[in-house]
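Student: Counting the sequence shown from 1 gives a position; this note's numbering is that position plus 68.
Everything labelled a hint here was simulated from the structure, so no lab data went into it. Possibly wrong hints are sitting among the right ones.
[What the hints assert, rightly or not] Here are the in silico distance ranges between beta carbons for each label pair:
no.	residue 1	residue 2	range
1	R182	P689	34 to 40 Å
2	G306	G479	42 to 48 Å
3	S502	T118	54 to 60 Å
Ideal placement from N, C-alpha and C gives every residue a C-beta, glycine not left out.
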Amino acid sequence: MTERHHLLVYGGTFAAVDDRGDIGGGRGAGACPPGLFVRDARHLSRWQLTVDGAVPEPLAPVADGDTARCVLVPRGGRGEPPSCTFFREQAVGDGSFVESLRVTNNRPVPTTVRLAVTVDADFTDQFELRSDHRTYTKAGIVRAREVLDDGVEFTYRRGAWLSRTTVTAEPAPDAVEETGTGARRLVWTLEPEPHGTAELVLRVMARPHGEKRALRVPRSPAALAGQQRDAEGRFVEGVAFPTGWPELAAACARGLADLAALQVPATGPDGEELRVPGAPWFLTLLGRDALLTSLFTLPYRPQPAAATLLALAAAQATGTGREAVAQPGKIVHEVRHGELAHFGQVPYGRYYGSVDATPLFLVLLGAYTEQTGDTALARRLEPHARAAVGWMLDHGGLTSRGYLVYRADRGGLANQNWKDSPGAICSADGSRPSGAVMAAGAQGYAYDALRRTAWLARTVWDDNTYGALLAQAAADLRDRFQRDFWMPRRSFPALALDGTGRPVDALASDAGHLLWSGLLDKEYGELVGRRLLEEDFFSGWGVRTLAAGQPAYHPLSYHRGSVWPHDNALIALGLARYGLHDEARTVAHALVDAATATGHRLPEVLAGYGRDTHPEPVPYPYACVRESRSAAAPLALLTAVGGA
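Construct the entire structure; sequences and hints are all you get.
Tutor: Encoded structure:
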């Protein structure tokens with residue numbers, strides 16, 4: 069059985085705790101290991117409560133929410149009711165974690181309780197916790213634990229790299245004990261009065277390497293929860309939700325509230341501080357994810373789009389770097405701040421292994437300018453946009469190969485489109501393409517990018533010659549695509565072309581992205597749109613990433629049969645673009661029903677099982693509960709179908 073973890077998120081900080089509010093250490097199970105994470109490092113690896121030497125059992129386990137609350141009792145039997153009840157509340161802030169622990173004496177006489185919280189900070193890099201069986205040599209590490217008057221401080225040093233985690237308590241612990249493992253045990257002896265209470269507050273401050281801000285830990289989980297509610301209120305304020313479809317309105321409100329918590333720090337071209345969409349456990353700037361999220365929210369909240377464009381412009385490649393897959397003009401896939409990236413042991417400090425972030429950057433810039441009328445940003449980013457177009461035409465492959473092309477990166481990602489798991493790009497029989505890959509969806513983004521940048525050239529940059537050149541390149545790409553990707557016998561586009569130009573013939577949801585970008589002509593677009601709603605594709609909860617019945621299909625595969633909300637949001641927008649409004653409403657209702665069944669929140673991904681046999685959506689085992697693209701997906705549905 070998959071271990072249950074509950075995520076607490078605030079900006080660039082998140083914690084994963086179990087049903088008791090504990091952090092058990094180790095790698096854990098699933099996509100997100102237990103711990104408190106800040107800037108790619110685990111700043112708490114153990115946080116375990118014991119009562120009189122034993123682990124209490126949950127009377128009311130932690131429920132999903134912005135604050136983790138649970139009720140615990142000592143282990144016992146039916147014949148002897150528990151002497152005490154423990155009310156535990158936890159929240160995270162910017163680089164901080166706070167817990168209040170209230171002990172209630174259930175008896176009419178005084179009682180004595182010995183509480184202990186075992187704490188450790190291993191400072192493990194997130195890449196070490198991934199389930200890819202890689203190991204990393206880390207020489208010269210120095211760890212230290214210093215007992216404080218009111219707690220303990222853990223320090224991790226490797227050369228110039230220095231990180232700290234400070235744990236303090238009010239009241240101060242009676243003792244800080246060694247455990248023989250490097251962890252420390254904070255111990256209190258409490259004596260609540262008859263039917264009285266006693267309370268502890270524990271505060272954790274994480275200071276990752278390079279942190280220069282003077283951060284302060286809030287006094288209580290309630291104070292942190294208040295900060296989060298204020299941020300959510302500012303994010304939701306002023307957005308008009310549909311009155312005729314309350315379930316969609318609730319999903320939009322929940323999504324915006326989640327997005328408020330998922331804003332992570334980034335830096336603009338002039339060093340300005342920004343906040344851009346992120347997602348646990350990748351609380352960092354991810355190019356593709358931030359761009360799609362910003363596109364979904366653009367009609368309602370344009371600020372994330374502006375921040376994302378500036379942050380990505382600042383990280384745009386200006387030279388060639390083989391390990392980082394960097395080329396001039398390319399938009400970054402991923403920015404990392406952790407120890408392994410700092411020492412060059414992973415290529416992800418700035419990693420450019422994405423074939424589609426660059427065209428999506430141009431799509432967002434054009435859409436932002438058109439939506440807001442703000443031409444100043446397009447003028448400021450003109451050199452960055454021209455460099456991005458240059459990458460698509462030159463290094464990207466549009467001029468030499470006719471399409472955007474990527475090759476598997478031995479040190480990084482095998483696939484560099486949105487379906488980036490190994491084996492995600494495959495034929496219907498499951499076989500993988502050889503050589504360079506030309507993924508269908510990326511060609512749609514490139515077409516839209518060329519058209520939108522041509523419009524910017526004509527209307528903002530006063531360069532009609534450049535605009536005409538890009539418009540012609542877009543038209544030529546459309547003609548080539550429909551000639552080379554269309555599979556006449558299946559009346560559907562191929563998922564990709566391999567290195568020899570041969571179609572990779574799996575029937576995949578990526579075809580819906582071609583509708584969103586407008587790459588297909590009307591006849592082909594209508595055929596594709598209706599095909600995506602047939603039973604093998606449409607599960608009742610959304611369009612599957614791969615149509616059922618193909619040998620490659622698996623309902624619990626990450627990209628070969630599951631249902632992704634953001635993928636379906638793009639499909640719904642594409643269906644509406646081609647006038648297939650009934651089909652768009654069908655997809656929207658399916659996703660809203662899935663959100664309603666899970667507290668109005670759409671997870672990163674759902675299993676591909678059909679609604680006809682599974683009347684509740686089946687969770688994908690290791691999905692992120694909160695993820696920026698999925699949080700923004702209801703807003704895209706609202707754009708696609710309104711309140712219908």
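Student: Give a verdict on every hint.
Tutor: We went through each hint and held it up to the structure:
no., hint, in the structure
1, R182 to P689: 34 to 40 Å, "38 Å, holds"
2, G306 to G479: 42 to 48 Å, "45 Å, holds"
3, S502 to T118: 54 to 60 Å, "56 Å, holds"
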